[in-house]
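K.L.:
Single-letter residue listing:
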Amino acid sequence: MDLQVFIDLQDKFDRETSLNESIRDAIKEFDRVCRLTSAKLGKAHSLTQEQGRETVESVKPRFAEIKQCIAALAALIKPETFYKYQDRWTNAMQTACALVAFSIYLGEARLATPEDVQQYLGFKVNTENTDISEFVITLEEYLHGIISLFNELSRLAVNSVIVKDIKRPQEIAAFASELYSGFQLLNLKNDSLRRRFDSIKYDIKRMEEVQFDISIRNLA
Amino acid sequence: MSPCKQQIMASFNAYRDTLDAHYDQRERVIKCSRDITALSKKIVFALLRITQDTPEAVFKDAAAKHKQVLELFAKMAVELQGSNAMKYNRQATPGIQEYIEAVGLWRFLEHNQLITKSQVLEGLSHDVDGQLQPLVAVTDEDYLLGISDLPGEVNRYCINSIGKGDRDAVIRCLEFLRTLKEGVSLVLCTRKYRDLEKKVPVLNSSLEKIEKAFYSMSIRENEMQHFSAAPPAEALAMDVDSRTILT
Numbered sequence: 001m002d003l004q005v006f007i008d009l010q011d012k013f014d015r016e017t018s019l020n021e022s023i024r025d026a027i028k029e030f031d032r033v034c035r036l037t038s039a040k041l042g043k044a045h046s047l048t049q050e051q052g053r054e055t056v057e058s059v060k061p062r063f064a065e066i067k068q069c070i071a072a073l074a075a076l077i078k079p080e081t082f083y084k085y086q087d088r089w090t091n092a093m094q095t096a097c098a099l100v101a102f103s104i105y106l107g108e109a110r111l112a113t114p115e116d117v118q119q120y121l122g123f124k125v126n127t128e129n130t131d132i133s134e135f136v137i138t139l140e141e142y143l144h145g146i147i148s149l150f151n152e153l154s155r156l157a158v159n160s161v162i163v164k165d166i167k168r169p170q171e172i173a174a175f176a177s178e179l180y181s182g183f184q185l186l187n188l189k190n191d192s193l194r195r196r197f198d199s200i201k202y203d204i205k206r207m208e209e210v211q212f213d214i215s216i217r218n219l220a
Numbered sequence: 221m222s223p224c225k226q227q228i229m230a231s232f233n234a235y236r237d238t239l240d241a242h243y244d245q246r247e248r249v250i251k252c253s254r255d256i257t258a259l260s261k262k263i264v265f266a267l268l269r270i271t272q273d274t275p276e277a278v279f280k281d282a283a284a285k286h287k288q289v290l291e292l293f294a295k296m297a298v299e300l301q302g303s304n305a306m307k308y309n310r311q312a313t314p315g316i317q318e319y320i321e322a323v324g325l326w327r328f329l330e331h332n333q334l335i336t337k338s339q340v341l342e343g344l345s346h347d348v349d350g351q352l353q354p355l356v357a358v359t360d361e362d363y364l365l366g367i368s369d370l371p372g373e374v375n376r377y378c379i380n381s382i383g384k385g386d387r388d389a390v391i392r393c394l395e396f397l398r399t400l401k402e403g404v405s406l407v408l409c410t411r412k413y414r415d416l417e418k419k420v421p422v423l424n425s426s427l428e429k430i431e432k433a434f435y436s437m438s439i440r441e442n443e444m445q446h447f448s449a450a451p452p453a454e455a456l457a458m459d460v461d462s463r464t465i466l467t
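Protein sequences appear in the order of chains A and B.
Residues in the first sequence are numbered consecutively from 1, following my numbering.
Residues in the second sequence are numbered consecutively from 221, following my numbering.
In short, the hints are calculated from the structure, not lab data.
We put the CB at the ideal spot given by N, CA and C, even for glycine.
Just so you know, nobody snuck in bad clues.
Distance windows between CB atoms, simulated:
hint	chain 1	residue 1	chain 2	residue 2	range
1	B	Ser338	A	Ser18	23 to 29 angstroms
2	A	Ser22	B	Gln288	39 to 45 angstroms
3	A	Leu185	B	Ser405	48 to 54 angstroms
4	A	Lys124	B	Arg248	21 to 27 angstroms
5	A	Ser22	B	Asp237	34 to 40 angstroms
6	B	Lys412	A	Leu76	19 to 25 angstroms
7	A	Leu19	B	Leu408	18 to 24 angstroms
8	A	Ile7	B	Lys412	16 to 22 angstroms
Stretches of chain A that chain B covers, calculated by requiring three or more beta carbons in the stretch to come under 8 angstroms of a beta carbon on chain B:
hint	region
9	72-83
10	127-139
11	181-188
Could you put the whole structure together from the sequences, leaning on the hints where they help?
P.N.:
Laid out in structure tokens, this is it:
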């Protein structure tokens, strides 16, 4: 009985090492551009609704960069091995989806659909539980992105009052409430999606508090 | 309901259906994996009876159970087509590893060899349009983690063999574990692999136990030869109890 089995495995793992490094570098770059975009988009919190829309326009080139990063990453991944590596980039992808959701809300006051995400990020959101034959954005990643939106919305409600836009919190809260109803239709298991879903209610609460503060002082 | 809300509700209804289907599929894989694990353990127990029964009876029993395991794999294979194989690998791998441990032990007992990944896949194959194809995919990681669980069972076989005075079996076990240890160390040189690293302490302690057992056997042999003129009773009275050495 010789060690050939293990020597062969060693060789195979050696060859995989360079692929792993490429994937790691691609994800690092993807992550970096997402953070940059997030910082720029975050400025909208200190601006009026109109200025917010301008910010969204100015961030469009960043989305083009993100799109390129994802394409570079996708080029390294063979579809059969997609789920083997997906855990490595899933956080960055969730952030990217969150950025799309926030951007679309700021610009058009509506929910980003999977088609929007596909347009911004360049890859389809896999909304069916089927076999995949290409690089996709998973439904969980999309949903995680939407959940992040709630936090931005509650901050936006608070910041709207600061920039003296008293009507906006009402619109934001109404939208958040509709979106939350949608989320409550899901049957979630005890995973990260469930945990983040549980945090939505705190954002809803904050928005309701802003509403209450405004109405009790007859400001709106 | 506003049109906006209608659209949201319609979308999320669809997402719910997708997630439900995904979770249900995952559950089915988990159930299959558990059943495969249970049956594989039964194969191991059957194989370990080789120190009491005849090899023919033992391997016949194992073959019958193996046939049943293949049916379970066929059931699991339905959920693991295409990209789903990797998608649910974390749920499927415990069963796959237990199975590899079972057939690995079998290969060692029957042929004194370390089973290869292609032999594992051969065992898992069925006829598809005149060609033999494996029912499920086995990743290198599945394979490595599966065989790295062999030391525990080989250890049991070795201890049973000592009780029967089967010196050759002990030697075989020793060489097998030494090769396994060297092989696993080689692989760990190339990559960081935490799950595999966790198996190393067990491998080391199994190897130590077998070396101690072989040691006590060798000592006793030397004593036997030394006292070959003396009555057997005296020699046995000075016997080193194998049980105390091995605990």
